[in-house]
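**Student:** Chains as they are written, first to last, in my numbering: chain A, 87 to 201; chain B, 2 to 163; chain C, 855 to 1833; chain D, 3 to 96; chain E, 126 to 248; chain F, 176 to 713.
Hint data in this document are derived by calculation from the structure and do not stem from the laboratory.
Treat the hints with care, as some may be off.
Each computed DSBU-like pair below joins lysine-lysine, with the alpha-carbon atoms no more than 35 Å apart [said to hold, decoys possible]: (1) C/Lys1057 with C/Lys1485; (2) C/Lys1057 with F/Lys608; (3) E/Lys233 with C/Lys1538.
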Amino acid sequence: MMELIFALAIGILTASGVWLLLRPRTFQVIIGLSLLSYAVNLFIFGMGRLRIGAPPVLENTESIDPALYADPLPQALVLTAIVISFAMTALFLVVLLASRGLTGTDHVDGREDAQ
Amino acid sequence: MSGILPYPLLSLALLILWLLLNQSVSAGHIILGSVLAVLASWAMAALRPEKPRIRRPGAALRLAGMVLIDILRSNLAVGRIIVRSRQPGVNAGFLTIPLDLRDRHGLAVLSIIITSTPGTIWVNYDAAKGTLLLHVLDLVDETIWIQTIKHRYERLLMEIFE
Amino acid sequence: MSSGMSLLAIVILPFLGSLVAAVLRQDARNGAAVLAGTIALCATVLTAFQFPAVHQGGVLRIGIEWLPTLGLDFTLRMDGFTWLFSMLVAGIGFLVTLYARYYMSPADPVPRFFSFLLAFMGAMLGIVLSGNLIQLVFFWELTSLFSFLLIGYWHHNASARDGARMALTVTAAGGLCLFAGILLIGHIVGSYDLDQVLASGDKVRTSGLYLPALILVLLGALTKSAQFPFHFWLPHAMAAPTPVSAYLHSATMVKAGVFLLILLWPVLSGTEAWFYIVVSAGLCTLVIGAYAAIFQQDLKGLLAYSTISHLGLITLLLGLGSPLATVAAIFHTMNHATFKASLFMAAGIIDHESGTRDIRRLSGLFRYMPITATLAMVAAAAMAGVPLLNGFLSKEMFFAEAAAFHVDSILDHSLPYFAMLASAFSVAYSLRFIHGVFFGPPATGLPRTPHEPPHWMRFPVEFLVLACLLVGILPAMTIKPLLATAVRAVLGPDTPYYSLAVWHGFNEVLVMSLIALSGGVLLYWLLQGYLAKGIDGPPIMRRLKGQRIFERVLVTLSWKWARSAERIFGTQRLQPQLRLLVSFAVLATLWPLYRHGLEAGFQPASNFDPVFLLLWIVGGLCAVGAAYQAKYHRLAAMVLMGGAGLVTCITFVWFSAPDLAITQLLVEIVTSVLILLGLRWLPKRIATVGDGLSMGVHDRMRRARDLMLAVAAGTGMTLIVYAMLTRPLPDTISRYFVENAYSEAGGRNIVNVILVDFRGFDTFGEIVVLAIVAITVFSLLRRFRPAQESVGAPEQQRVQDAYDEAKPDRAIGDTLSDYITIPALIMQWLFPVIIVVAIFLFLRGHDLPGGGFAAGVTMSIALILQYMAGGTRWIEARVRIRPMSWTGLGLLCAAFTGMGAWLFGYPFLTSHFRYLDLPLIGKVPAATALLFDLGVFAVVVGATVLILIALAHQSVRAPRSTRSPTTLTEPPVVAKENA
Amino acid sequence: MNALAILSWAIIGAQIMLALAMCCAVYRLVAGPRAQDRILGLDTLYVNAMLLLVTFGIRIGSTLFFEAALVIGLLGFVSTLALAKFLMRGEVIE
Amino acid sequence: MNAAGNLPTWAALLTALLVLVGAAATLIGSLGLLRLGTFYARVHAPTLGTTLGMASILAGSALFFSMLEARPVVHEILIAVFVGLTTPVTLMLLVRAALYRDRIEGSKEVPAADAAEHSIPQD
Amino acid sequence: MTGMLNHLVIVPILLPLISGAVMLLLAERRRVLKGAIGIASTFALLIVAIILMRQADMTPPGSGVTTYQLGNWPAPFGIVLVLDRLSALMLVLTSVLGIASLLYSLARWHRAGPRFHTIFQLQLMGLNGAFLTGDLFNLFVFFEVLLAASYGLVLHGDGIVRVRAGLSYIAINLTGSFLFLIGASLAYGVTGTLNMADLAARVPTLSAGDAALFAAAAAILGTAFLMKAGTWPLNFWLPTTYAAASAPAAAMFAIMSKLGIYVILRLWTLVFGPQAGPLAEFGSDWLLLGGMLTILFGTIGVLASQTLSRLAGCSVLISSGTLIAALGTGGGEVIGATLFYLVSSTLGIAALFLLVELVERIRDPGADVLAVTMEAYGEGDDEDGLADEIGIAIPATIATLGGSFVACTLLLAGLPPFSGFIAKFAMMAAMLKTDGTAVQASTWMLIGLLIVSGLATLIAMTRSGISSFWARMDDSIPRVRIIEMTPVLALLLLALGLTIAGGPAMRYMEATTQALQTPRGYITGVLSAEAAEGRSRP
Ligand code: NA
Ligand code: NA
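One chain only, chain A, in its complex shape (with noise of 0.2 Å):
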């Protein structure tokens, strides 16, 4: 059940990314962006399976059962994921900023729509 909400969760999230990714404003497209990053890092996160109340922090260090802890791999990936998706927005932000500011509009494309 978990994983049903979970995956729709992601499901959500994707969806909403993807359609401010495709709308024709750049703040709109880098709203998108955030959403998807959110959806990408809970997907990852998820490919290491959901565990309830098992941290992968050491507790007992005499003898160590790795079934305890929940997957710790995605969770570092996710981390790493976070930081880029971070950058990247930062940059994405200041390139949308710096385009509005040359084209004189907040279209995607530095030009109104002609068609």
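Take the given structure of chain A and dock chains B, C, D, E and F with the ligands to it, following the hints.
**Tutor:** This is chains B, C, D, E and F with the ligands only, laid out in the frame that chain A set:
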């Protein structure tokens, strides 16, 4: 003293913060925490803030107790308004209070007290005129609020900071 | 010198000479000419020396390993036939060089000319001597290239440029076809080696790929030899300097096609396809070329069409497929080379000495240049096939072959008539050349007064005309051994009997010759009236200009259609591209799932938790709300996005990822500050009235399509995630991390140990990304030009400042100060607190949730908070932050920590940890990973601060309000704050 | 029903209440009507989420999630603060 | 809950009570966001969560973990202090911003900038 | 692992990083020093790459690889760098382009914006890392490094065209990065590993249901890589972006599109080789189809181009399409020839991008001045340091430029004497080597397309070349400096050298192919490598 320990109280507070964070009072943490507390207070010194002078710690404790009680009472009052009232918030309104307190730290504490207390909120302080604009959820009698703030809090705060 | 080395020298010397000539000073006319002449002469002599070896059917060969695995070795090969061709190429090359020395003007960059000419000669010799078909193609394309450069030598003339381009396009295209054809032949035979291909004629002709191979090879040969319908480029190539024309269009370039047909004749000929294609192409070219030549007004144009026609004749002969015809073809190839080269040179002399080549203006030149005129007349007579000249001999053979029986068809039966017709035409244009230029009244109004050229300029013509005469009168003593050698090399045992006698008796062929001669004379006499009108180009065909059709087709295909196609199949706009990318991804994902079937796993489902459901109702609302609001209500969208992020963060906590939750939260905070900093420079979008209502059908469709795509992407993700979550986790590499985190890496927080140790290299890359982005952002903002509308201070500030200014008891900034002072005080006191928390997060990272990244972001939030509280100037007057240095030092710290392991003989990033026993404190874990994490911390602080501060600094850039003061109109609402 | 079970149910009940509180906050987030309402909603959402995390820690019996709550408590206000300042002054950092 | 095996009954019940009270207070506060009619009224609502709600839940947490780990676990105080310091900052700035926006739009609900002096009641 | 030489594998990653970071600490105005550091570092990189290439070439094909276990953690747990012939080849190519672009940029471009040298070095680092890594997620990280740097380089020099193109480029690549992440993590979720060799070892053991999901992961990754490689219809951004980028950046980008192809080649030979069971040869038909459509579109684009820089951008598409389609045919010897083509066309495209700017100066002598004033615009206080004095204007400028242009044309059109001819011949000959079975219709089509695309390139480039060089109205000689011309000539000479040394080059490529087609060697090489003392596989 002020060279190494520009803000002794702050440093002490930071040490306590460190110990609480680490949930430990081991010697190692006390030493490390002290070092960090001093370093962090240097960082603070770089900002060159006004130094607060706390004259009467006793008054401060009294104020704290009073505020806690007021907050609890206001919680109940506001909770009642939200749950019971048919038209909650109908009595809300703005209120201007002239203040005598001028110390900025005192004002800061007052702002925290007022805003933290459910039912009142600090809106604006006009430094030139010394007036405070408040918003009150249940503004049936303005004078009660003025009484509370001027006599319960402002007086004590002036005692502490001025 | 061995024969192999000689072959190598023959091919390589011209190229070396070309390189040398290219670096000569551009006024070194004599030097370049001597160089070129010497090399051409050397090549001729070297070739001549090989005659004894090839005379008796011998074949010289040298092979150098080049691409052995592809069956391509650099092989040079010389037999009797190629010997003859090399002699032509090198010998006439020498004569042309000599001629060009006098022809070229000192004003031209002559060394470059000789450089191109030598390179062309080398390429041509390369074709002739190639022992490998791919290598032949290699040199073939080189001849196209250098002919292009030669034709376009006078590129300040538009006609030279056009002619060069056309020649290149046609011949290079043909070359590529030839390439394909050769590939096919190689595929059929299994080798590209010429000898092997020549030995596999039957295999080739019976192969299913024979026809395509034949067509492709013929396309190559016929384009090069300017055969109908590809003949049109040749007349335009006449824009080249005359030595070039003399060389390219007598002995070399156009002969390359003929050469190839002869070379591959044993392999490809003898089929009906060969006969019909080659004979019809040759016949058309023969007749059309000759016909068009009559009506040219330009001397070189006349010669060009005549060349086309004669090449058609040779092609026709080759197409007939009989050995005797091939003999005739080879013979005529040589004859044509001699008389046509001399004619071109003569035309060049006339042009050079009189200043024009226009037959309408030229007249009676015989009295000015009697020797040249005589020479030209002899050569023209050879061209017309007058007895006692070499042209007559090969034409006789041609007539004989035309009359003979080959493949029973109308084409075959009509050949003698067409042969006579074309021959008559050639008599007519030869007559026109002689009569029109050298006879008649003396010319008036010529640019120069004509006279005989320098002796050495005339020498090549004399030499060639002498050859025409000698061959024509004494064939058996002069040409016979050479021809025999060449023919034997091509035909081998099939070599037929043929006679080179001048007189064969009064036979059918002689009758044909006489008819042609007299018919030609008659035709010229009849046409004189028409020709006197001076109309350029032949009647009927004048309108049908191959060149113009070619240009139009080329422009249409390569420009108009290409542009439309690019518009149809491509786009410059971002949205369709993203749409395609997403659709592509969705389809690409679903395709294998559809093919192999997607099934949910069998993991028992976990318990339902209403809290989690409620959480994601909240999260979903936020996400959808953000999607809905982002166009006009940016702030709302941002806030909603923050809500979705928060729920994501709680989800991480829910499923056991505290590190993720902390990091996500911190990044969330920084991102929202960042976007707000950006929003200040992004002017508002005002929803126009009726926006959304007046949306056209097209817009609705597009939105519907996007919606479907979004839903499809979401559904796809949901399906995959559900399928994954319900199947058990495979045996992952994480087990190793869990088991070794503490014992091997000294950390309890496995995620952090992975980040700084097991997979520290990922983190290493990640901080580099952060650094690069920070630098890029910084660079971009250095020259940031904000939108016009947001250049000035924000509306709020203007209103509030105006209010402050209007009040006598207030100063500008009081509103801000009233607003921020008290909160700012609290924010300042939080500064050391947040720093301590940052250090706490940093130090505990290895054992508990936290770490360098989280600490770095926390640290930068502490700074940003102070910027928000006090303003840029306030904080920077107090604290000097050097984010660029933080970033650089952080990167170096991480790198050198990693390299520290080298000192102990371990790979990069090998960590080391031990427990230090400190007095008072006791055992303290100390891991080099912590040092690495310190680098991470520094980079994160540096980069984050750099990005945010660079953005914030835009507000304090001095001159911005002066840039466009007129665009700022005071809003009428100022009064209301006052009210 | 022992005390632990009661505690367990109480926490689930509390979490449901907190989640509902988040729903209320998100109503303001979505519905507005004004920017300040949305920001207020976000602020409330943050506080509620923090409390939810604390209850979650009790439910799991682990203090490992404490720092997440601590970070919200200490720094969660920064983004709402920035939003508020943006409303008032049109820019976050002057 | 499996880790909570050695919790005394009173502590469990007290924790349950504290947590429930806190959650209820928070919920009521958030309900205020729905029920209260104007922004200025609504702005009071969340303080329920940041004061009573938070205090109660944090107390529950402190009690629970102190009992569970058999040592005083009081770092919850930090959250209380931080939230106590930071929430007012946000709310103050937000309300003032809202006031500015309402004044700009000429809203009748808010006092005009100059009206401050006149609204001081005489006592 | 003893001796510093063992660490040589990682030097191509660390060296640019360190020099880039050091330059970050230097003030903006110390450009001469920075230029010197950059050049020194890049030359050192080339030397290291050549040593590594020789080292890689010494192991018999298919019998193992050189691995470098980062952090001394054994594969598949830690991240490994893997050096084999393919990665060594790409390293050499990268550093060659690096030197060429960097030298070129010293004439003027490195002054067109701050921190050019750092970003350039980090670009090299990203590329080298991507070529060396043996880990799927680490590959993502290095992709991001090089993309981030490429964003910086695209935007370097500023201006409306660059910003506009940069926005699209970034948006599309960010989407691509998401796909990469989804694909990589899905692959992990199915197989439980990220190490490419381990992935290859685990894929044949997957159950049918898991295999489907893994195929989906591969399809998602494939989409991302095909987008980056410039496959139609995911490639419209490419010519625009490359054309907008400054010349040295665009020249560097010549290898970026090849990276997508490298990864496809690497992963597909490793994971979807014949041993992969039901997933063997996964998607190769699509590669062939996509590649052919890309060639077609590139051909159209080349013909339709109005500017030389766009033409150069479209020729990248032809090159990519050729490579992708050739990989799609999948035949053994084709790959070797394809690699040869990869090197050859990369050199050609890089040379062309560098040349285009110089040629445009001929076309529009004002452009030179314009570029200078453009640099002056918004020039900060510390950007005045270096005037234009680096290098002197060269004699016979037009002739040199013209000759280079002709050479580029020949190289890209696949005409002799440059290596493009050999490359195309080798590919077509290999495609036709079928051991008796009939050649497929698609192969014929591909061969036809290759020939047609060459012709189109020739036509289009001749058209622009003539109008640039032959049809110019004024006789002014553009200001071109030796330091700008040298890299172009060097790249072209290399391409010529590849023709002459075709034999050894092709032998290397064939050894590379042989190794790629026996993935067992790679897999065991990576998974059985010993850690340094202290840690061992459990
Ligand atoms: Na309050
Ligand atoms: Na005349």
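**Student:** Would you mind marking each hint as holding or not holding in the structure?
**Tutor:** To see whether the hints hold, each was checked on the structure:
1. Straight-line distance between C-alpha atoms of lysine 1057 of chain C and lysine 1485 of chain C comes to about 71 Å, which puts the hinted pair past the 35 Å bound.
2. The hinted pair formed by lysine 1057 of chain C and lysine 608 of chain F meets the criterion: a straight-line CA distance of about 17 Å does not exceed 35 Å.
3. Taking the CA atoms of lysine 233 of chain E and lysine 1538 of chain C, the gap is about 26 Å. The hint holds against a cut of 35 Å.
When each numbered hint is compared with the structure, a violation occurs for hint 1 only.
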